[in-house]
Amino acid sequence: MNSAAAPAASDALAARAHQFEDAEQQHHASWLGMWVFLATEVMFFGGMFTCYAFYRAGYPGAFAAASNQLDVLLGAINTAVLIGSSLTMALAVYSAETGSRRATVNFLLLTILLGAIFLGIKSYEYHEKFVEHFVPGAAFRFEGPFARPAEIFFSFYFAMTGMHALHMVIGIGLLAVIAIKARRGRFSPAYYTPVELTGLYWHFVDLVWIFLFPLLYLVGRHL
Amino acid sequence: MNGAPREHYLNVDYGIRSWLFTTDHKRIAWLYLLSLTLFFFIGGFFATLIRIELLTPQGDLVQSETYNKFFTMHGVTMIFFFLIPSIPAVLGNFLIPMMIGARDMAFPRLNLASWYLFMFGGIFTLAAAAAGGVDTGWTFYTPYSSIYSNTHVVLTVVGVFITGFSSILTGLNFIVTIHKMRAPGLTWFRLPLFVWSHYATSIIFILGTPVIAITLLLVGLERVFHLGIFDPARGGDPVLFQHLFWFYSHPAVYIMILPAMGVVSELIAAFSRKRIFGYTFVAFASLAIAVIGFLVWGHHMFVAGESVHSAMIFSFLSFLVAIPSAVKVFNWTATLHKGSISYDAPMLYALGFIGLFTIGGLTGLFLATLGFDIHVHDTYFVVAHFHYIMVGGSVMAYLGGIHFWWPKMTGRTYPEPVARIAALIVFLGFNLTFFPQFVLGYVGMPRRYHAYPPEFQVLNVFSSAGASILAVGYVLPLIYLVWSLRYGRVAGANPWDARGLEWQTPSPPPTHNFDTVPRVTEAAYAYDKEPEEVYEFGSSPSRV
Chain U
923 MNSAAAPAAS
933 DALAARAHQF
943 EDAEQQHHAS
953 WLGMWVFLAT
963 EVMFFGGMFT
973 CYAFYRAGYP
983 GAFAAASNQL
993 DVLLGAINTA
1003 VLIGSSLTMA
1013 LAVYSAETGS
1023 RRATVNFLLL
1033 TILLGAIFLG
1043 IKSYEYHEKF
1053 VEHFVPGAAF
1063 RFEGPFARPA
1073 EIFFSFYFAM
1083 TGMHALHMVI
1093 GIGLLAVIAI
1103 KARRGRFSPA
1113 YYTPVELTGL
1123 YWHFVDLVWI
1133 FLFPLLYLVG
1143 RHL
Chain Y
-4 MNGAPREHYL
6 NVDYGIRSWL
16 FTTDHKRIAW
26 LYLLSLTLFF
36 FIGGFFATLI
46 RIELLTPQGD
56 LVQSETYNKF
66 FTMHGVTMIF
76 FFLIPSIPAV
86 LGNFLIPMMI
96 GARDMAFPRL
106 NLASWYLFMF
116 GGIFTLAAAA
126 AGGVDTGWTF
136 YTPYSSIYSN
146 THVVLTVVGV
156 FITGFSSILT
166 GLNFIVTIHK
176 MRAPGLTWFR
186 LPLFVWSHYA
196 TSIIFILGTP
206 VIAITLLLVG
216 LERVFHLGIF
226 DPARGGDPVL
236 FQHLFWFYSH
246 PAVYIMILPA
256 MGVVSELIAA
266 FSRKRIFGYT
276 FVAFASLAIA
286 VIGFLVWGHH
296 MFVAGESVHS
306 AMIFSFLSFL
316 VAIPSAVKVF
326 NWTATLHKGS
336 ISYDAPMLYA
346 LGFIGLFTIG
356 GLTGLFLATL
366 GFDIHVHDTY
376 FVVAHFHYIM
386 VGGSVMAYLG
396 GIHFWWPKMT
406 GRTYPEPVAR
416 IAALIVFLGF
426 NLTFFPQFVL
436 GYVGMPRRYH
446 AYPPEFQVLN
456 VFSSAGASIL
466 AVGYVLPLIY
476 LVWSLRYGRV
486 AGANPWDARG
496 LEWQTPSPPP
506 THNFDTVPRV
516 TEAAYAYDKE
526 PEEVYEFGSS
536 PSRV
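Those protein sequences? They're chains U and Y, same order as listed. First residue of the first sequence: 923, per the working numbering; consecutive thereafter. First residue of the second sequence: -4, per the working numbering; consecutive thereafter.
Treat the hints with care, as some may be off.
Covered stretches of chain Y, as calculated for chain U (at least 3 residues, CB under 8 Å) [claimed, not checked]:
1. 197 to 205
2. 225 to 234
Derived DEER-like restraints, expressed as beta-carbon distance ranges [as the list claims (entries may be wrong)]:
3. U:His1125 <-> Y:Asp373: 42 to 48 Å
4. Y:Val298 <-> U:Ala1060: 33 to 39 Å
5. Y:Phe115 <-> U:Ala1002: 37 to 43 Å
6. U:Trp957 <-> Y:Glu525: 38 to 44 Å
7. Y:Thr275 <-> U:Gly1006: 46 to 52 Å
8. U:Phe976 <-> Y:Gln58: 34 to 40 Å
9. U:Gly1042 <-> Y:Arg12: 29 to 35 Å
10. U:Pro1111 <-> Y:Phe311: 53 to 59 Å
In short, the hints are calculated from the structure, not lab data. Even glycine gets a Cβ: it sits at the ideal position worked out from N, Cα and C.
Using the sequences and the hints given, assemble the complete structure.
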């Protein structure tokens, strides 16, 4: 209708949704929206961390004994894999910012690959714990005096890492969508908000693991 | 402009698809209004059954197990599917973009997704009701809910869990919209208090709701996979559940009352023709209630084995909530002083709100007092107290708001005389229903029983009689508001001669709310000036 106030960058105009005045307002809104969402995620995981802290304080010996049953090597490898994926994610955002499309796509795919490796190792660990009867419920077996609180430890182990893994799966789905869009040339140095925001989400999920790893795998190492 | 009818958000498109796939915040508000009305009457249906059972001392209508399901379904439906979303999802959705001069919410598709999540969760809960109901009480206390109850706990919990994400995303949308979408010149301290109160509510939505989500998820997992987190037989702690539950569910009370306070601020100003006295204090009182509200959850657990020291601290913090609440009540009263007051139906609801909220709030102080709480814990005193806040407060404000903005939403005015009568009926019916319950609780009638000693009957009959009057008061607006859609007088842009930005555009508004981007030059409630002096609708067209 009225083109007098059209912004200079035409690609930015194409990406602007109708409710915003300009691309900058849209970018700021999306950015704030993602940070608010991450705040809700902190509270979501925070509920479980609170429960964990409560029982760890109540059953320190049992938590140490149960923690010793986890495979620290696999956990450490997974930690390295995830930190590596955060690096590739950051590089993908940088590539999008500097407008190199190929590098953006490649780094996104690399991030997906590292995420998949993490989930693969995690599934292997789940399988081992299943075989060793560490899954809470009727089949749970734990030698020694700590059987009941150890079951609570494993309840948290599965609930927390499971919820984290679910977030990883969602993250990989988002990365796949972003990678396809990047390949089709939807992003430019003027507009790459989705890459940036998916990156924020991915880093958050990594950060959760940075807390989970010592809380679940390293408790027993002091003893 | 003459000739063809003006295009607005209601007639721009017809058909079911244009509603189910809309991203217009005004149409989404209608989707919520219709679904919430449905849930309100479902919840009311269970309340009716409860009141009929309590008409006589004997448990003669239903068995106690069935009665447990009645009050659970009443509570779950009313709290999670009516009261928590009510004002934010309907009035907030409709009004916040208009009040701040925006074309829509920051994330319109997310807004629609929130409604679908809400309905999806609602269907789970209704399915649980249809399959035989749930009997844990709306509080889902463990270990009863996680181990012993043989009813549909998982289905209900999943429904509440899903609906929680609707709240979270609505809160997120409000926060971003209020931060980033305000019209030129509309600084934070020129915002209507309705917007401030919704901002405070949104903070609770985004910080509290995820905690109840994970808590209910753990209860569900515990039932399905037999985890032992809340099971004392396996080393778990059921009281931990209560902590987590009330960490959300106490702030949830403020989710219900803060938006209501926002509505009342608008109504008091409009019908006293005055600026709100102490605007800044009222605005910050909303934030203070939201923040302090996160620190008082322990007052639900005074008799659950809490240590004396924590109980004293929680008691003290609960008293603190009275300060910002009283700031609001006193400032509304001061606004009325020397105002040019008219008693239209919305104002009757607003005045009713102030009185009933004050009673509900003051009895809240009784309950925050340790000694008294131990005496009346889990009695009808508590039931009366929270109904004064939730029904006397939130529902009154919701109805007042619906009446006040009805001309904006529909372009028609409701019939004023019958609306005033309905407002009075609601007020009388409400007090007759719930005031006797204060007395019942004080003399010792416990909540959640379907039979009681005969000496409590007189007051219970009063209460049930009041409930039937209240029902009339709720059905009347349903009838005449629907009637007014077709036969109501055409309202015009600003039938109340109000100063809010939402009144400076035609009724019903165009899809993009404003034809040109408004510029705001004054604080809200400039009832001492003409709207033309407050808003400039300049040359820059609202780009579409």
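Notebook entry, point to check: What hint numbers does the structure not satisfy?
Noted result: 9
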